[in-house]
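Asks: Listed below, chain by chain, are the residues.
2 protein chains.
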Amino acid sequence: MMDFKTARKIIEQELEKYPFDSSPTELYEPVGYIISLGGKRMRPALTLMACSIFSDAVHPSLKPALAFEVFHNFTLLHDDLMDNSGIRRGNETVHVKWNPNTAILSGDVMSILAYKILSESPRDLLPDLLQLFNTTALQVCEGQQWDMNFESRLDVNVDEYLRMIELKTAVLVAASLKSGAMAGGADEPEADLLYEFGRHLGIAFQIRDDYLDVFGDPEVFGKKIGNDILTDKKTFLLIKALELSEGKIRKELLGWLEKKEHDPSKKITAVSEIFSSLELNKISSELASSHYGQALQYLDRVDALAERKAPMAEMAKTLMEREQ
Amino acid sequence: MMDFKTARKIIEQELEKYPFDSSPTELYEPVGYIISLGGKRMRPALTLMACSIFSDAVHPSLKPALAFEVFHNFTLLHDDLMDNSGIRRGNETVHVKWNPNTAILSGDVMSILAYKILSESPRDLLPDLLQLFNTTALQVCEGQQWDMNFESRLDVNVDEYLRMIELKTAVLVAASLKSGAMAGGADEPEADLLYEFGRHLGIAFQIRDDYLDVFGDPEVFGKKIGNDILTDKKTFLLIKALELSEGKIRKELLGWLEKKEHDPSKKITAVSEIFSSLELNKISSELASSHYGQALQYLDRVDALAERKAPMAEMAKTLMEREQ
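Order-wise, the sequence lines are chains A and B.
Residue 98 is where the first sequence starts when you use this note's numbering, and the numbers rise one by one after that.
Residue 98 is where the second sequence starts when you use this note's numbering, and the numbers rise one by one after that.
You may find that some hints are simply not true.
[Claimed, not checked] Which chain A residues face chain B? A few, computed with CB under 10 Å, are given here: (1) 116; (2) 119; (3) 231.
It should be emphasised that the hints constitute simulated quantities derived from the structure, not laboratory data.
Fair warning: this is a prediction, and the values are worked out from it, not measured in the lab.
Using N, Cα and C, we set each Cβ at its ideal position, and we do this for glycine too.
Full structure from sequences and hints, please.
Replies: Structure below.
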């Protein structure tokens, strides 16, 4: 088995080996740039860790791990452009540092590079890995489309929200885990348990992310607190607030959503207070805990020694207790 | 063996079977739209025709053929956005009919769909097909980047131009042919002959395209005559004109390139006359003919009965003699 720290280190070393600096430089430089911005490397680390539950050799899981990481960064690159986000991991996003056309074409190259890396997986695994990757990649795009569709709607319900984050975030975590299990020699039902573990963990992770944007400690949380509130993002908190609020509170919330000009810190304070008054910190934490609990149940059912699964359980716990 | 008309009909029928209308509709509708705009279906038809040289069963070549066609349409979708082109095949481009974000994300989905379709190829061919597809797809992006780089340069030389169109256009034609040959059971050297045939044919095709933009018959040519001149596109004609022109003519040409405001029809007439005075219609035709000739030599060397290769030679001839 392998812990997160070790897995992450291997991923960083492998990513450094990749020459994301071919010619023309205008095309490949942004690829190396966004990869070098780092991040938790959660998905590829989970791939290696899933493999290590079933096998002491994690080597067969390396290519799928890297493919999922490159694909994930490709979606970030294009999402930042579509969402017009200027900052990613404390640095300028590609379309700001370069320009929108560069972001489009370098992103396109990254999605192809992800497939190229995946194609270097062990031959006997390739057809199944491809099928998993194709399905997942399409779902991630569908999730992003639902997220964009939600922008102009005030009637999004919690089920729709959960389906959206499942597609946009959770299936990629799930597939990263499943591909690792497959590479480790797990049979289909076992690999599917890891998939379900990852799906619920991914959902819990995103609900936690929405929570931290509002209730996180600004000293610890990497991003600016309240950013989702300022952009009227249809997070779990806002969707649930629109569902639960009545009378004066609802009127005030809708007022903040309609207002085009406002003092940012006033809006953040006011909307956060509405969320608190509706006990959304509690409701949100409970929903995240519920999915975290379901995730752990799937991990429990995986037919392997508890000690082999311990790093995975530890990783899930860390993700749920994170403040950033 | 199979002629172009038959191959094209099969491709159209197969494309109609694909449900490019999944949910969310905002994501998939533009995919169905751009596919339905048609075009010559040259690449997938060539795949089937190449397969039919070596085998009476073209079925194994269907998936690669469709994958290349979907990938080609993906590149058109994103290129139109990057080039800010409003019209494609007489219809509004996706980013105009919908919006830029839709063009980005629907394009992303198309590139994944191309891989999904390719993944349904016969299992024994899959690893080699993937490698060919990955390499080619990256080259196409590199070609588009070079093309964009050329926009701000006046010193592009013919070699650079030829390398650019090789990447942007010719390798996709070449790979479409090679994948068909592979699916037909051709061994590597034979498949490579088809690749070289396609590479030279693709180069000849693009030089012919540049020629038709200026010297084509406006009654027959599908696009507006002179569009490349108006956008100062670094076509073979402009690059060669910048290389050959001297004195007064060169000054006049540079004047038209620098001028921000101008009467469009006057610019088209004046620049076309400069091209003619430098005998670029002749020089351009000769270069296209040279690559066409080289293409045919590679086809000749393919180890198959002449009658099996006849439809391919016929197709190449039609492409070179086309007026649109």
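Asks: All hints, please: hold or fail.
Replies: How the hints compare with the structure:
1. 116: violated, 13 Å
2. 119: Holds, because the Cβ-Cβ distance from residue 119 (chain A) to chain B comes to roughly 8 Å (cut-off 10 Å).
3. 231: Nearest chain B Cβ about 4 Å off; hint holds.
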